[in-house]
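Chains as they are written, first to last, in this note's numbering: chain L, 1 to 389; chain G, 1 to 389.
One or more hints might be untrue.
Since the list can't tell identical chains apart, any single copy or any two copies may satisfy a pair.
[Stated by the list, open to error] Quick list of in silico lysine-lysine cross-link-like pairs, DSS-like style, CA-CA up to 27 Å:
no., residue 1, residue 2
1, Lys124, Lys361
2, Lys208, Lys88
3, Lys11, Lys128
4, Lys21, Lys208
5, Lys230, Lys208
6, Lys88, Lys128
7, Lys88, Lys294
8, Lys375, Lys21
9, Lys11, Lys375
10, Lys294, Lys11
11, Lys208, Lys375
12, Lys11, Lys56
13, Lys361, Lys88
14, Lys378, Lys44
15, Lys234, Lys88
16, Lys44, Lys56
17, Lys378, Lys234
18, Lys294, Lys234
Hints listed in this document are in silico derivations from the structure and should not be mistaken for laboratory results.
2 protein chains.
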Amino acid sequence: MDDFVFQNTTKIIFGRGVEAKVGVEARAFATRVLLLYGGGSVRKSGLLDRVAASLKEAGVSFVELGGILPNPRLSLVREGIELCRREKAGLVLAIGGGSAIDSAKAIALGVPYAGDVWDFFAGKAEAKGALPVGTVLTIPAAGSEASTATVITNEDGMLKRGFNSSFLYPRFSLLNPELAFTLPRDQVANGIADIMSHLFERYFTDSKPVELTDRLIEATLRTVIDLAPKVLSKPDDYDAWAEIMWAGTIAHNNLLNTGRVGDWGSHDLEHELSSAYGIAHGAGLAVVFPAWMKYSYRHDVARFAQLAARVWGVDHAYFDPERSALAGIARLESYWLSLGLSVRLSGLGIGPGRIPEMADKLSDMGRKRVGNFMKVGKAEAEAIYALAL
Amino acid sequence: MDDFVFQNTTKIIFGRGVEAKVGVEARAFATRVLLLYGGGSVRKSGLLDRVAASLKEAGVSFVELGGILPNPRLSLVREGIELCRREKAGLVLAIGGGSAIDSAKAIALGVPYAGDVWDFFAGKAEAKGALPVGTVLTIPAAGSEASTATVITNEDGMLKRGFNSSFLYPRFSLLNPELAFTLPRDQVANGIADIMSHLFERYFTDSKPVELTDRLIEATLRTVIDLAPKVLSKPDDYDAWAEIMWAGTIAHNNLLNTGRVGDWGSHDLEHELSSAYGIAHGAGLAVVFPAWMKYSYRHDVARFAQLAARVWGVDHAYFDPERSALAGIARLESYWLSLGLSVRLSGLGIGPGRIPEMADKLSDMGRKRVGNFMKVGKAEAEAIYALAL
């Protein structure tokens, strides 16, 4: 086990109707907040009204900023920073999934910073603080509700880049599984792929031994794998959604990478895909990860075999562990297909055309490599994208 | 899944030599601390000197209070409270295991409270605050290093009682697995029984479904079960100790009871045992828990069968789940025996003599019942103690 420091301070409030508590929670940090959300669904569902009512009741005023898109954009983050400053908002409150929360974090980071907020994502600035962030989660997927991470797309060059800081742990996150009942089917499946990918990124490590966290990751994967078909077939199954929603948070709150270094190359590979083609992050991961696994499994056959046996129930081939490893990857593909996800670029209508461009961008024209378990530069990226065709 | 609020703010610093960071961590809270420890082992091992050097280097002065006993006593807590007030210590720093840390928490609770600290344990006072607590953990067992709990014994009547408050999460805990290398063999085994019991207490619940936390508990149990024989046979196995130490923290940091109500009756049953006979908490749990299981399994055979299959690898008897449940309990007994633990009162040299007295005390002369999964009053306590003979 590697040495580590772990302190996740996010307060999780979980259960039916917990959005009614947002006013009281927000009031502990500010009397005026910036309220961030995406499209019309939070308005249509009445959630925005309930949040507004709770804020008013607690004596918290707010200014709204809607229109956050999937793969959230830098321009809106800059707009939010200006709005926060002008309106003297003391808390950024995101209503939504990863896009709203990641935007809230980027805004919170930018407000006290004198330079341009992209500096953080471009590796030119260190975080020295941030406004507090609160969230009302509507989509179990990104895990941003209790993570240190934010991922933003700079429209100038369509660069999708992430930034991590312990200042970005939300101060509170309100998790009501009922809010997921009305999600479109494809968004549910993408969210499942996202959650599972967060677990895979952590699982594939060279740190060893890491037995406890291996088993905790496997436990979380099995729960998600078991229950995802249930929420897809019965979207108002509170019990199943509750497990999935909490699993989505645990998958990304940094507990499961204590003492180990995850890979994260597939996330980088996917970011090029979603910025080139505008597809949803989870949909991109469902295509990238099986290809990455096929490319990478020889680096540690035992680890892939362990995953196959413990998570997918593959009967371990003691005399041919490679067979177990490959069987696990095949099981993942079948499983994601069964949820209605595509596991090939062709399934997303994407051909080989832009592979060299994506590999160039990922590797900064061959100058850098991403990933820890499997180092991926330009050549490796091209090979992995090709395996995904 | 039950509704819940979860926020564990303890900062964990984990790895070789992390005790050298205690000065810097303490300095964030106070310039003068009360240093609490047990017997001579922390002095003999040089740990106390290293902690003192780190504090001095960070400009933190300290006053010492040693002599904390297993099943820590109220009198020493009261002494610590007086000392803290007199010396104006702003942080209570525990060096040791559960006894030192629980004492530190009780002292931290008592300092700002005008009445007698026992009021909290007697259910006569609510916590409104506490001094900050820091810990340097030497014994993986109690999990107090990241928990809300403290358990203290009042010598007046030998009442062993617990108290919980989110004010009692330590601000920081330094976990160096190397510090466990020199633990006596029986203390190691008792610690394993303690960790496993914390997991069992959370596992036995009427809340359902609780699939994610079931699996996370099972994952933690399997890790401990797998590695405990390793640290017993090779006490300087850093890798194995690291897994056990982190598992001991996770077993009790409240993550694994999110959305579920644990039982905790066995802890109460054990407290009577250790206050009557002065045995170690873990040793008492190893005797009480199998007896409690034999008494309780009919309340939810499926849950016991699931534990048997998933944790102990018992081949599930689909047509006779009770057989699986009982096989799991038998496996636990054999396992604990293999670690050198006793699983019967007779193994601790205890006869039936004081069973009625313990059952009276536990149930407040038949007026109350403990436990949630299995309600245990006077009659049930007598039956369970009898099963442990």
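Hints and how they fare:
Proximity of Lys124 and Lys361 under a CA criterion of 27 Å is satisfied intra-copy only: 19 Å inside one chain copy versus 65 Å between copies. For the identical chains of this complex, Lys208 and Lys88 are neighbours neither inside a copy (48 Å) nor across copies (45 Å), given an alpha-carbon limit of 27 Å. Taking the closest pair of Cα atoms, Lys11 and Lys128 come within 27 Å of each other both inside a single copy (22 Å) and across two copies (19 Å). For the homomeric pair Lys21 and Lys208, the shortest alpha-carbon distance between copies (25 Å) is at most 27 Å, but the shortest distance inside one copy (42 Å) is not.
Taking the shortest Cα distances, Lys230 and Lys208 sit within 27 Å of each other only across copies (16 Å), while inside one copy they are farther apart (35 Å). In this assembly of identical chains, Lys88 and Lys128 lie within 27 Å of each other by CA distance solely inside one copy; the values are 19 Å within and 32 Å between copies. For the identical chains of this complex, Lys88 and Lys294 are neighbours neither inside a copy (51 Å) nor across copies (62 Å), given an alpha-carbon limit of 27 Å. With identical chains, the CA atoms of Lys375 and Lys21 are never at most 27 Å apart, being 45 Å at best within one copy and 33 Å at best between copies.
Neither within a single protomer nor between protomers do Lys11 and Lys375 lie at most 27 Å apart by alpha-carbon distance, with minima of 36 Å and 31 Å respectively. With identical chains, the CA atoms of Lys294 and Lys11 are never at most 27 Å apart, being 39 Å at best within one copy and 38 Å at best between copies. For the identical chains of this complex, Lys208 and Lys375 are intra-copy neighbours only, at 18 Å inside a copy versus 43 Å across copies, given an alpha-carbon limit of 27 Å. With identical chains, the CA atoms of Lys11 and Lys56 are at most 27 Å apart within one copy only, with a shortest distance of 22 Å there and 34 Å across copies.
For the homomeric pair Lys361 and Lys88, neither the shortest alpha-carbon distance inside one copy (38 Å) nor that between copies (59 Å) is at most 27 Å. Proximity of Lys378 and Lys44 under a CA criterion of 27 Å is satisfied in neither setting, with 45 Å inside one chain copy and 56 Å between copies. Proximity of Lys234 and Lys88 under a CA criterion of 27 Å is satisfied in neither setting, with 43 Å inside one chain copy and 60 Å between copies. Taking the shortest Cα distances, Lys44 and Lys56 sit within 27 Å of each other inside one copy (20 Å), while across copies they are farther apart (60 Å).
In this assembly of identical chains, Lys378 and Lys234 lie within 27 Å of each other by CA distance neither inside one copy nor across copies; the values are 43 Å within and 46 Å between. Taking identical chains as interchangeable, the C-alpha atoms of Lys294 and Lys234 are never at most 27 Å apart, the minima being 33 Å within one chain and 38 Å between chains.
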